[in-house]
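Chains as they are written, first to last, in the working numbering: chain F, 1 to 363; chain S, 1 to 130.
Since the hints were derived computationally from the structure, they do not count as laboratory data. One or more hints might be untrue.
[Stated by the list, open to error] What the simulated footprint calls covered on chain F by chain S, stretch by stretch (three residues with Cβ under 8 Å from a Cβ of chain S suffice, anywhere in the stretch; the number is not a length):
1. 28-41
2. 60-71
3. 311-323
Cβ coordinates follow ideal geometry from the N, Cα and C atoms, glycine included.
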Amino acid sequence: MKRTPLFSAHVRAGARMVPFGGWEMPVQYRGIVEEHRTVRAAVGCFDVSHMGEFEVEGPAALPELQRLTTNDVAALEIGQVQYSLLCHPQGGIVDDLTVYRLAADRFMVTVNAGNIDKDWTHVTSHGGAARWRNASGTTGLVAVQGPRAEALVGRLADADVTRIGYYRFMQGKVAGVRTLISRTGYTGEDGFELYVDAGDAERLWTALLEAGRGDGVAPIGLGARDTLRLEMRYALYGNDIDDTTNPLEAGLGWIVKPAKGEFLGRQAIEQVRATGPARKLVGLEMTERSVPRHGYPVVKDGTTTGIVTSGSYGPSVDRYIALAYVGSAHAAVGAELGVEIRGQVKAARVVKTPFHPSRVKKG
Amino acid sequence: MANVPPDLKYTREHEWAKREGGRVRVGITAFAQEQLGDVVFVELPKVGTRVRASQTFGVVESVKAVSDLFAPVSGEVVEVNANLTQKPETVNQDPYGDGWMLLVQPADAGEWDQLLTAAQYEQLIAEGGH
Chain F
1 MKRTPLFSAH VRAGARMVPF GGWEMPVQYR GIVEEHRTVR AAVGCFDVSH
51 MGEFEVEGPA ALPELQRLTT NDVAALEIGQ VQYSLLCHPQ GGIVDDLTVY
101 RLAADRFMVT VNAGNIDKDW THVTSHGGAA RWRNASGTTG LVAVQGPRAE
151 ALVGRLADAD VTRIGYYRFM QGKVAGVRTL ISRTGYTGED GFELYVDAGD
201 AERLWTALLE AGRGDGVAPI GLGARDTLRL EMRYALYGND IDDTTNPLEA
251 GLGWIVKPAK GEFLGRQAIE QVRATGPARK LVGLEMTERS VPRHGYPVVK
301 DGTTTGIVTS GSYGPSVDRY IALAYVGSAH AAVGAELGVE IRGQVKAARV
351 VKTPFHPSRV KKG
Chain S
1 MANVPPDLKY TREHEWAKRE GGRVRVGITA FAQEQLGDVV FVELPKVGTR
51 VRASQTFGVV ESVKAVSDLF APVSGEVVEV NANLTQKPET VNQDPYGDGW
101 MLLVQPADAG EWDQLLTAAQ YEQLIAEGGH
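Isolated chain F (complex conformation) (with noise of 0.2 Å):
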């Protein structure tokens, strides 16, 4: 099982630690719940240093991504950050990721933890051209999330963070750290994502939960990172998506340019797309109390017509919530349909989202 430069940190913290992904992580300090409301109302910070990091060089590193992501990486500023996908020839999704522009000819590209091995095969046996680096065993990540994450980031950083726009980032120093201070998240909230060298995220870490306290910081753990996620629909690798998927199924259409050319899956999903997709993922709220989870069958008058993906209390909404794959007959909000729960089927109907207003910083 691996560690992230900050186990001790939790171990001291009195974290639950549970796998994940292969990683030994925290999955919640005082209770998920309370750290999940600590998030929405102040602020809290996530080790996610577990997540990996590529960086790749050189005049073939444009049209190296143009080809493996679905997203139009030449439309990407300096400075600017970007949601996309790898996908497999055959339209099923490698992995969700973030595509940083450094600089003219480098970029970075942040995958999930679980799929750093895989993610790695898929970018160096599909390009080739452009020199590759991972840099994940080297970085350290901490998410600083909710209202009060760009006065705690402000504090500590060198620079005027301020000035950040969503989906942006830039070189600085917090905490005497050198960090590449993005403003991303996972969490629906305004913040922050600060990138550091593995041997500095300690010091960051106890930086930030010091110059909190007057705004109320905790350490989230992944429990409500899930909770926080799901309220947003923000979809999570390996349940709502993984390499069955396709994107348009998955409702990432909004990231697919097939105008950019060529890219690693397009036909298959341009094919989806002509077509329209047979399944498509939504949101659902249980209508009569219980809990839907992974794994779940939704039903439609008896017969099965979907499987949920995700699902919880959600405790911003104060409901039951899931994400769903159900026949696209039966996707438009307000569809009646039911969770098989023990045996038991379960009224549910599908609402729009997210189920939680986002506030993360537009324009």
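We have chain F; now place chain S onto it with these hints.
Frame of chain F; chain S shown alone:
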């Protein structure tokens, strides 16, 4: 160490049982709710249901986990804690009090003696709870 009231009896699955006159009140222990984390859903049987000792009578769910509830004694459910439907977190806040789950009219008085004493239950959780 989790609170284990000396006047209650316990199951190996972390339910407590309390004699009240001829009836038995049932809930889950402080240790159990700590292990579960935030309880977000409790499913209990209807009044009149017959439960059997060591058999499941319901489900408690935290954000991350689903756990079966096991009856300490056999008998008829004469009352259920309906407040837990709207406020499942009561199980975390007051597991031995307002977080109770069932009141059972026992069918077999002999089963009481099969349950763990507080000392035996403390031993069980000291060994990791399994």
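Open item on the list: Can you tell me if the segment 311-323 of chain F counts as covered by chain S, using C-beta to C-beta distances under 8 Å and a minimum of three residues?
Closed with: Answer holds; 3 residues pass the 8 Å Cβ test.
Task: Coverage claim, chain S over the segment 60-71 of chain F, checked by counting residues with Cβ within 8 Å (three needed) - done: violated (count 0)
Task: Outcome, coverage hint (the segment 28-41 of chain F, chain S; C-beta under 8 Å; three residues) - done: Held - the segment 28-41 of chain F has 5 residues with a Cβ nearer than 8 Å to chain S, which meets the minimum of three.
Hint violations for this structure: number 2 only, all remaining hints satisfied.
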